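Colleague: For reference, the chains in residue letters:
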Amino acid sequence: MTATQAPPAAVDLAEHGGFAETLRAEWTKFRTVRGWVIGMTVATLVTVLIGLLSASGSMSSCNGQPCHFLYPVGPGGEAVTDTFYFVHRPLPANGGITARVTSLTGELPTATSSGRVRAGQGPESGMHPGLEPWSKGGLIIKANTTQGSAYAAIVVTGGHGVRMQYDYTQDVAGPAGRPAPASPRWLRLTRAGDTITGYASADGTHWTQVGAATLPGLPATVQAGMFATSPPYSVTTAQGLLGMSGTGGPTVDTATLDHVSFRGAIPGAWTGTQLGAGPNDASPAMPGSYRQAGGTFTVTGSGDIAPDGPGGAGPGQTLDHTLVGALAGLIAVVVVAAMFITAEYRRGLIRTTFAASPRRGRVLAAKALVIAAVSFAAGLVAAAIAIPLDSHVLRANGNYLYPVNLLAEVRLVAGTAAMLAAAAVLALALGAMLRRSAIAVTLVIAAIILPFLVAVTNVLPTGADNWLMRLAPAAGFAIQQTIPNYPQVSSACTVAQGCYPLAPWAGFAVLCAWAAAALAVALFLLRRRDA
Amino acid sequence: MSTGLRAEWTKLRTSPGTAWLLLAVVAVTVAVSAAAAAAARCPATGCGQDPGKISFTGVDLGQAAVAIVAVLAVSTEYSTGMIRTTLAAMPGRVTVLTAKAAVVTALIVAAGALAAAGSLLAGWLILPGHGFTRAHGFAPLTLADGPVLRATAGSVLYLALIALLSLGAAAAVRDAAVAIGLVLGVLYLLPIVAAVVSDAAVQRHLLQAAPMTSGLDIQATTGLHSLPLAPWQGLAVLAAWAAGALLAGGLLLRVRDA
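Protein chains in written order, with the working numbering: chain V, 257 to 787; chain B, 782 to 1039.
Honestly, the hints are just simulated from the structure, not real lab data.
In this text the structure is predicted, and so the values were computed from the model without any measurement.
Fair warning: there could be bad hints in the mix.
Claimed, not checked - Chain V regions said to be covered by chain B (calculated; three or more residues, Cβ under 8 angstroms):
(1) 427–439
(2) 507–518
(3) 581–591
To be verified - To give a feel for the contact side, a few chain V residues facing chain B, derived at Cβ under 8 angstroms:
(4) 386
(5) 464
(6) 465
(7) 467
(8) 645
(9) 647
(10) 648
(11) 652
(12) 655
(13) 657
(14) 690
(15) 693
For every residue, glycine included, the Cβ atom is placed at its ideal position computed from N, Cα and C.
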């Protein structure tokens, strides 16, 4: 009669209650060890304090005065460079412009024997023939002639063939090759409402569409015409602890266009306008010009129409610089996380733990959950304080912070907290494997912070440290990148400036993969070994 | 004192991890140095890189293993309660710390010499094939060259000073994980903070004050004028850090109960 007294449902209930019990036991252990709670508080404090220290040490001034650089903002809210020479006419309605580009040539600053680049006073002084790969010349339709306004352009480039580019961040590849008098390139831009379509052709009769851009809110009358611009040139002369030192300077390019035909424009003269290149321009550029001889236009320009960002033309800083203290917070978190398991071995508590809860996987999972949650909370608090506080200090010190959209800012805060949580789980797993906190802590620091240090201080050649930042757990720092890497800008952006070789979530996934693998090995060893 | 030295030597010699960790110091240093040399390229147009620094890149990681050896020499005694026996046998606490420091330093100098020799050998074998030749203005990496000798001997001294710094920190905070976190934090974080600070003067001061960057100035063989500190000055900064840590550790050891 009593054989039916233990229904399977009760066993399930006990099993279910089991994990909650283990979780509560682990949480109680964490909560009641004063050193660990202090350690997590220290993690939050050092994150904020080191960020504050670094922000107060970052003063930006121009000859002792606050800088008054102009930073145009594009339609998407991002910082942009919008400096070029524009030969234009108003286009009051739908229509288009067609031209034949017969050549694109340019001049680069000449490096002197001392390795310095002579500052160009104009194309005549200290320059030699040469073309930057992203020198551009071609046709553009732009909302107006203020910097940062919406545009779409079809261009020939120095080394990347024909491109259709619009609204600074968008870039579509067209046919390859650079135009020459023997092999000219025909370009065409047409407007229909908010849509601008770019075409390219080798002969002016057979056209292929390169791309179509939708520019929302384009005014009825836009400016259409020809332009030329050429981004600054830079060379790396030395690598050292203070970063890579390089020299460079503005470059110019000259586009020659003929067979210019306009559809839908008011008849009238062409106007030449220089955008940017003023004394307060953040990016170095030289004033351009244009010449018209019969039906042939020669347009010379300097600058760029592109997103601005770290490593680019301007001297701005990225928002993730406010979180440099997270590295110190990470060390504190890693120390606590390793001790969370190794202290049990040292005191022999692990035997009691396994006696109370014989399922070792469950104990490890509960520990991982507790330490990850606590680390995440510590990181969240630290980031939520550090970002507004340090960005205020940075701006007060005359620094320009590149604008960041809300999504990237949320990712920066939550991602930093998540990175601390993943690092804590990695440290916990290594602690369970090795049972020695000193070695576990050292391994995690060597795997996460050392590659970052190596990348930041240029100890290794750039290729090697990029691979380290892809493969090592340090890849997780990529989650802090707030300004994307744009392939259409040849920027020298490095890890120190806030650019990582992997995309944010991909880098974070690498760190998580390391943590998961370590947890799997730890579980395997925990089950096989005596406690 | 000689009893103290012998006691510490016996303890360190018979700890299961010591030999493995010293082996790790040598292996990690040489392997990373060789990898850095293999990755370096210097084309005819110049690269602005220092073959001495490249050859001893492994010290960046090897010092972490050195820190573990030194921290464990102190912290293990606290975690096992051995410290009470030690201090009962040798009541002079400063003597105990001095004996520990002497034994650990001797071991690290021996391991560091092997590591530096291996790193130099790797650089000497690999770097000339990657453009670091006399034709490009680089002297061959041999000990006959003054700066290379300084870099080699300096790397050994650097590791010994890191051991003393770690020993002092461990005596001060006792717990192994906290001590290692503190030491590696001071070593690795200050250069990173220096790198992201945009003010050049603040940056230079940080690089001069940070024990790792100033201490590693000793590895420079070219471009000495652009260093934040002269090589031996830099090593002196690290020595000051180590002395400060030992002083703090010694004082706390004296005034606290074990």
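Colleague: The structure should be examined with respect to each hint, and the outcome stated for every one.
Modeller: Evaluation of the provided hints:
no., hint, in the structure
1, 427–439, "violated (count 0)"
2, 507–518, "violated (count 0)"
3, 581–591, "holds (count 6)"
4, 386, "violated (15 angstroms)"
5, 464, "violated (40 angstroms)"
6, 465, "violated (42 angstroms)"
7, 467, "violated (37 angstroms)"
8, 645, "violated (16 angstroms)"
9, 647, "violated (14 angstroms)"
10, 648, "violated (16 angstroms)"
11, 652, "violated (13 angstroms)"
12, 655, "holds (7 angstroms)"
13, 657, "violated (12 angstroms)"
14, 690, "violated (10 angstroms)"
15, 693, "holds (4 angstroms)"
Comparing the model with each earlier hint shows violations of hints 1, 2, 4, 5, 6, 7, 8, 9, 10, 11, 13, 14; every other hint is respected.
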